[in-house]
Amino acid sequence: MMKVRKAVFPVAGLGTRFLPATKAIPKEMLTVVDKPVIQYVVDEAREAGIEHFIFVTGRNKAVIEDHFDIHFELYDTLAERGKDTVLDRLQRLQPGPGQTSFTRQQVPLGLGHAVWCARDLVGDEPFALLLPDMIMQSEKSCLKAMVELYAHTGNNIVAVQECDPAETHKYGIVGKGADAHSGFEITAMVEKPKPADAPTNLYINGRYILQPEIFSILENQEKGAGNEIQLTDGMLRLREKQPFYGYHYRGRTFDCGSPEGFIEANVAFALQREDMRERIGRLIDEISGDIHPGSEIRAAE
0 MMKVRKAVFP VAGLGTRFLP ATKAIPKEML TVVDKPVIQY VVDEAREAGI EHFIFVTGRN
60 KAVIEDHFDI HFELYDTLAE RGKDTVLDRL QRLQPGPGQT SFTRQQVPLG LGHAVWCARD
120 LVGDEPFALL LPDMIMQSEK SCLKAMVELY AHTGNNIVAV QECDPAETHK YGIVGKGADA
180 HSGFEITAMV EKPKPADAPT NLYINGRYIL QPEIFSILEN QEKGAGNEIQ LTDGMLRLRE
240 KQPFYGYHYR GRTFDCGSPE GFIEANVAFA LQREDMRERI GRLIDEISGD IHPGSEIRAA
300 E
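Sequential numbering from 0 applies to the sequence shown in numbering that gives the first Met the number 0.
Derived by calculation from the structure, the hints in this document are not laboratory data.
No experiment lies behind these values; they were computed from the predicted model shown.
All residues carry an ideal CB built from backbone N, CA and C; glycine is no exception.
Please note that the accuracy of each hint is not assured.
[Stated by the list, open to error] Think about it this way: if two alpha-carbon atoms lie no more than 30 Å apart in a straight line, the pair counts; the simulated DSS-like pairs of lysine-lysine are:
#, residue 1, residue 2
1, K191, K139
2, K139, K34
3, K139, K175
[Unchecked claim] What follows is a set of in silico ranges between Cβ atoms, one per label pair, in the way DEER data are often shown:
#, residue 1, residue 2, range
4, L13, H151, 36 to 42 Å
5, R4, Q241, 30 to 36 Å
6, E50, T15, 30 to 36 Å
7, P194, K82, 52 to 58 Å
8, K193, G225, 17 to 23 Å
9, S137, Q241, 23 to 29 Å
10, N219, T30, 37 to 43 Å
11, A61, T15, 18 to 24 Å
12, G223, T76, 48 to 54 Å
13, Q90, G223, 50 to 56 Å
14, P258, G225, 19 to 25 Å
15, G223, Y74, 43 to 49 Å
Go ahead and model the full structure; you've got the sequences and the hints to work with.
Below is the structure:
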């Protein structure tokens with residue numbers, strides 16, 4: 000069984016749900032507290048043991064490549080000013096030489112096409128796929144648990160979470176079969192089913208481990224919903240040849256491609272920080288009406 004060494008990050012999207020903020024700045028570079036969204040996703044992959052980070056980019060995304068490169072002037076300035084803590088943090092987040100690769104998705108033909116664009120960089124190996132809009136908050140990273148499950152199954156894996164049964168029409172939904180180590184066999188994959196037709200309320204949350212045979216399928220994949228090449232359609236065809244397993248992730252997932260999810264992520268990650276928890280908590284109380292602005296000043300007077 001080959002180790003999962005490589006991860007693909009499809010970052011070519013236009014970020015239309017976040018306009019005008021994403022008119023000049025890639026949505027993946029918007030910050031949650033003090034790190035870009037894409038950094039959280041790369042950190043999750045690194046925790047899972049990923050060694051090679053493959054970015055499928057588009058026009059106006061060069062800043063992502065710059066972010067993961069060495070910034071000599073900045074590093075020298077921090078060192079001269081004795082900002083050792085900040086410098087050490089930046090260097091720890093820095094991928095090593097040759098660990099990042101970038102390729103272009105020159106036309107916006109969907110997620111399946113973006114994955115296919117990484118075929119030569121992935122080669123004939125199993126690989127992880129992480130959607131950069133989705134960031135996770137849990138004690139153990141979602142992908143790390145999936146890699147551990149892969150070590151026992153050796154087949155395709157998707158991470159799933161529970162959604163409101165009334166909202167299955169918003170997601171790709173899976174059917175649940177027999178348990179398998181820390182996961183379960185997937186018996187069905189249905190794209191955005193009506194609640195009455197959904198096999199479960201377990202939705203695919205943006206983390207995958209896929210076998211390289213998916214590339215030959217996507218190469219000849221017909222366009223599906225939205226006139227795009229859909230990854231789900233390709234996975235359905237791959238499932239005819241290979242088993243799929245599900246990992247039931249029970250942490251928090253934030254869709255940072257939407258303003259609502261982005262704000263939720265900022266609040267949740269800020270509340271994890273000791274230097275911010277009290278201040279953010281007080282602000283939430285104030286906004287909710289539990290504390291009225293200026294009340295402490297009046298009380299002191």
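Exercise. For the pair we were handed, K191 and K139, check the Cα-Cα distance against 30 Å.
Key: holds (29 Å)
Quiz item: Cβ-Cβ distance between N219 and T30: within 37 to 43 Å?
Solution: holds (40 Å)
Quiz item: Can the suggested window of 23 to 29 Å be confirmed for the beta-carbon pair S137 and Q241?
Solution: holds (28 Å)
Quiz prompt | Outcome for the supplied range 17 to 23 Å, where the beta carbon pair is K193 and G225 | solution = holds (19 Å)
Practice problem: Take a look at whether the Cβ-Cβ distance between A61 and T15 falls inside 18 to 24 Å. | Solution: holds (20 Å)
Practice problem: Starting from the range 19 to 25 Å, see whether the pair P258 and G225 falls in it by beta-carbon distance. | Solution: Holds, at about 21 Å.
Practice problem: Assess, step by step, whether the Cα of K139 is no farther than 30 Å from the Cα of K175, and give holds or violated. | Solution: At roughly 23 Å apart (the allowed maximum being 30 Å), K175 and K139 satisfy the hint.
Quiz item: Is it true that Q90 and G223 lie within 50 to 56 Å of each other by Cβ?
Solution: Check failed, 43 Å falls outside 50 to 56 Å.
Quiz item: So the hint says 30 to 36 Å: do the beta-carbon atoms of R4 and Q241 match that?
Solution: violated (19 Å)
Exercise. Look at the Cβ atoms of G223 and T76 and judge whether their distance stays inside 48 to 54 Å.
Key: holds (50 Å)
Quiz item: If you check the beta carbons of E50 and T15, does the distance land in 30 to 36 Å?
Solution: holds (33 Å)
Practice problem: Could you check the hint for me, namely that P194 and K82 are 52 to 58 Å apart, CB to CB? | Solution: At roughly 53 Å between Cβ atoms, K82 and P194 fall inside 52 to 58 Å, so the hint holds.
In the structure shown, a violation is registered for the earlier hints numbered 5 and 13, in ascending order.
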